[in-house]
Amino acid sequence: MDLALSDEQAMFAETLRRLLCESYDFEHRRAVLRAGPQMDSALWGSLVELGAFGLFVSEEAGGFGGSLLEAGILAQQLGTMLVAEPVIACAMAPARLFARLGLEEWLGKSLGGERYALVDLRNLWTGGETITADVACVEGGGDADLLILAGDQSLYCVGAADAGLSVREIRQLDGRSAADLWLVGAKAAKLASDAAEAFALTRSDAAIAELWYQLGSMRAALAGTVSYMQERRQFGRTLSQFQTVQHNVAEMAVACEEARAAAWLAALAFEMASDASGRVRALAGGKIQLARTARIVAETAVQLHGGMGVCEELPIASHYRQMLAFRARYGTPDAAIEDMAEAVVRSGRFGLSAVLGHAA
Amino acid sequence: MSNLALSADQQAFREDVRMFLEEHLTEELRAGQRQVSGVYPEPEVALAWQAILHRKGWAAAAWPREYGGPGWDGMQRFIFETESALAGAPVVYPIGIRLVAPVVMAFGSDRQKAEWLPRILDGTDYWCQGFSEPGAGSDLASLSTRANLDGDAYIVNGSKIWTTHAHHANRVFALVRTSDADRRQEGITALAIDLDTPGVEVRPIISIGGDHDVNQIFFSEVRVPVENRVGEEGQGWAIARYLLEFERGTGLFAGRLRSSLKRIADTARSLGRFDDALFQRRLAELVSEVDCFEMLELLTLGNVQPGESPGPVASVLKLRASRLKQSISQCGCEMLGELALRFGAADDPMADVLVGDALNARAATIFGGAKEIQLSIIATSLAKL
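Just so you know, the protein sequences line up as chains A and B, in that order. When you read off a place in the first sequence, starting at 1, and then add 399, the result is the number in the working numbering. When you read off a place in the second sequence, starting at 1, and then add 977, the result is the number in the working numbering.
To be clear, the hints were calculated from the coordinates, so they are not data collected in a lab. Keep in mind that this is a model prediction, so the values were computed, not measured. Some hints here could point you the wrong way.
What the hints assert, rightly or not - Taking lysine to any residue and the SDA-like style, the derived pairs with C-alpha atoms no more than 25 angstroms apart in a straight line are: (1) LYS1361(B) to ILE695(A); (2) LYS1239(B) to ASP1325(B); (3) LYS1348(B) to GLU650(A); (4) LYS1239(B) to ALA1254(B); (5) LYS1239(B) to ASP1324(B); (6) LYS1239(B) to GLY747(A); (7) LYS1361(B) to LEU621(A); (8) LYS1361(B) to LEU1278(B); (9) LYS1361(B) to VAL701(A); (10) LYS1361(B) to THR1342(B); (11) LYS1239(B) to ALA675(A); (12) LYS1361(B) to GLU504(A); (13) LYS1361(B) to GLU630(A); (14) LYS1361(B) to TYR627(A); (15) LYS1348(B) to ARG748(A); (16) LYS1348(B) to LEU621(A); (17) LYS1361(B) to GLY1288(B); (18) LYS1033(B) to TYR1103(B); (19) LYS1239(B) to GLU741(A); (20) LYS1361(B) to PHE634(A); (21) LYS1361(B) to THR643(A); (22) LYS589(A) to GLY461(A); (23) LYS1361(B) to ARG636(A); (24) LYS508(A) to ASP519(A); (25) LYS1361(B) to ARG1300(B); (26) LYS1348(B) to ALA622(A); (27) LYS1361(B) to THR637(A); (28) LYS1361(B) to ARG631(A); (29) LYS1348(B) to ARG694(A); (30) LYS586(A) to GLU504(A); (31) LYS1361(B) to THR699(A); (32) LYS1239(B) to ARG748(A).
To be verified - Short, incomplete list of chain B residues facing chain A, as computed with Cβ under 8 angstroms: (33) ARG1258; (34) GLU1266; (35) ARG1297; (36) ALA1360.
Unchecked claim - Sample of chain A residues with no beta-carbon within 10 angstroms of chain B, all distances over it, derived: (37) GLY435; (38) SER445; (39) ARG499; (40) ALA560.
All residues carry an ideal CB built from backbone N, CA and C; glycine is no exception.
Please put together the full structure from these sequences, using the hints given.
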């Protein structure tokens, strides 16, 4: 039982934090979003140069990390600054998918900065040499090769430059780069058969990383709120001197502590789960708790900022939009509750400790 | 590399604990815990279990070896408390073992340690805690129960209220005022008072759930030997803070919260209500909260050395544990639906237990540090507002 970051992990987090502070502060982010739906390739390039994506896979696979905790550390730093680049969707997920399927060459390209967007089209396309389908709102889909899971359970690739692929770039609710895709006779190259399980596990990996992204956002919102409460004066005193403000900030701090625990538990328990129920308990449990606590933090942060919380001058409103987006991505909290009821309540497994008893 | 895996030693310890529970935890004792709707089990149940634990040397999980504790580290305590709770073992009555004893170890005289600690450990003495007064609740420093020195004894006059299990106890750990210092805290002193001393009267207070758990104690010219003072005169406030910090830092509640969920689920099954989809959804949400809370306890525990204070996160744990207890007990009451209306005359005694629990659980955010106080502490010490 070991529950602390190593020195290397802490150092890596600090390096990332500095990089993002220097190259992706709120002003920069605002400018990027205002410029249009295109990605900010400068940040992507910096992360590649740093070798950051190697964090997503193990040493055996050619990286230097591989655990969900480490992916979470990166995601948390991204969330702190509300990075709109599709790192989790288009760097982490593809790398882990390629590693799982043993596609070494593709993994090398991914770690080297090539972007891929995962798309589950089992309901729309059974597989084959060409594909015709419409897909809406794919994160990172505007400037990425597509990795498509087909109805034949195989994984295919459609190149970003393929003549049969047109995209309309958009930004999601919280600013994340995305695109609507139209595939008309696009050329599909088969990469692997029997890819459904790897694909599903990879999507779960990404969902867990998003828990950590949300955690980063929450802590930034709390820090911003504490700062603002200590500056803003009304009625002859700082807002921090009012008891109701103190209690509301305390509720945010409590929520952040719980969110941290939930993110840690999800990352560690998911990897150590011995069966599907254990994975559901970890992932769905994390989703439910991060959604609950994130809502407390985001709503309270906006409220305490008064007028400044409901305009776009400060990051606070962006943190709120991110919280809503978090709830909508990779399954809603309601869906997670259903999953939890099915896998953990009905079976009676909830009677077992969530932290003891994981096999070494 | 961070992970949740138990070491071979920890795994072996866990097996030992499970075997012990299987061998010694009777169905009668489990039933005794299952039927608790107040804050602690009845003394017959708790003391019977404590005696069994004591024979094994496990009655005081957090005591250092020199005083008769098992010398466990944080993980062993976590494993023991979790397995005990999940097996349905009675809660060991904590006032003597977990509150008074650490204070005696830290502030008591050698004589007090030598005489009082063994009697706490083997259950001979049953303590209650006399802090709150009718005029001094959250504002504990305003307490006014008076102790005036008269030769070799203090003469105590005043009253303590909300004293849990005073009607079962033979000793009360009381905070009294021995002087009127400018700073109110400086005039407070800790006294151990025997409840059979002339002038002591214990009056029951019936709780919102209809239980007799708490009392008001009246002191009228009660003589307390000076040897019963713990620490120095005026040291009572420091002692109170130590006690509260200690309690906040060492209490482990996740296992208990989980076993109360199990209790609700089991009752639902026996009433044919377990398959209700809405009930299962509510239970699922609570399970994820308890899982998260269990991890928070584990993360906090892991950072604390024996005897060390866990810092401001402990207030978060206390607040969350009390709110979770309330949410869980509310779920139990709602599961009963219209059966809750028969409270006091239920066909199934467990229905009365669950409704009583839902009522009495309101005290969880009031006693032991009201949530408003906890939030203020958290704002300054954790959020650094």
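Taking the hints in turn, this is what the structure says about them:
no.: 1; hint: LYS1361(B) to ILE695(A); result: 18 angstroms, holds
no.: 2; hint: LYS1239(B) to ASP1325(B); result: 17 angstroms, holds
no.: 3; hint: LYS1348(B) to GLU650(A); result: 11 angstroms, holds
no.: 4; hint: LYS1239(B) to ALA1254(B); result: 17 angstroms, holds
no.: 5; hint: LYS1239(B) to ASP1324(B); result: 20 angstroms, holds
no.: 6; hint: LYS1239(B) to GLY747(A); result: 8 angstroms, holds
no.: 7; hint: LYS1361(B) to LEU621(A); result: 11 angstroms, holds
no.: 8; hint: LYS1361(B) to LEU1278(B); result: 22 angstroms, holds
no.: 9; hint: LYS1361(B) to VAL701(A); result: 19 angstroms, holds
no.: 10; hint: LYS1361(B) to THR1342(B); result: 23 angstroms, holds
no.: 11; hint: LYS1239(B) to ALA675(A); result: 22 angstroms, holds
no.: 12; hint: LYS1361(B) to GLU504(A); result: 50 angstroms, violated
no.: 13; hint: LYS1361(B) to GLU630(A); result: 14 angstroms, holds
no.: 14; hint: LYS1361(B) to TYR627(A); result: 13 angstroms, holds
no.: 15; hint: LYS1348(B) to ARG748(A); result: 32 angstroms, violated
no.: 16; hint: LYS1348(B) to LEU621(A); result: 20 angstroms, holds
no.: 17; hint: LYS1361(B) to GLY1288(B); result: 13 angstroms, holds
no.: 18; hint: LYS1033(B) to TYR1103(B); result: 20 angstroms, holds
no.: 19; hint: LYS1239(B) to GLU741(A); result: 16 angstroms, holds
no.: 20; hint: LYS1361(B) to PHE634(A); result: 22 angstroms, holds
no.: 21; hint: LYS1361(B) to THR643(A); result: 15 angstroms, holds
no.: 22; hint: LYS589(A) to GLY461(A); result: 23 angstroms, holds
no.: 23; hint: LYS1361(B) to ARG636(A); result: 17 angstroms, holds
no.: 24; hint: LYS508(A) to ASP519(A); result: 21 angstroms, holds
no.: 25; hint: LYS1361(B) to ARG1300(B); result: 23 angstroms, holds
no.: 26; hint: LYS1348(B) to ALA622(A); result: 23 angstroms, holds
no.: 27; hint: LYS1361(B) to THR637(A); result: 14 angstroms, holds
no.: 28; hint: LYS1361(B) to ARG631(A); result: 16 angstroms, holds
no.: 29; hint: LYS1348(B) to ARG694(A); result: 21 angstroms, holds
no.: 30; hint: LYS586(A) to GLU504(A); result: 20 angstroms, holds
no.: 31; hint: LYS1361(B) to THR699(A); result: 17 angstroms, holds
no.: 32; hint: LYS1239(B) to ARG748(A); result: 10 angstroms, holds
no.: 33; hint: ARG1258; result: 5 angstroms, holds
no.: 34; hint: GLU1266; result: 7 angstroms, holds
no.: 35; hint: ARG1297; result: 7 angstroms, holds
no.: 36; hint: ALA1360; result: 4 angstroms, holds
no.: 37; hint: GLY435; result: 38 angstroms, holds
no.: 38; hint: SER445; result: 27 angstroms, holds
no.: 39; hint: ARG499; result: 20 angstroms, holds
no.: 40; hint: ALA560; result: 41 angstroms, holds
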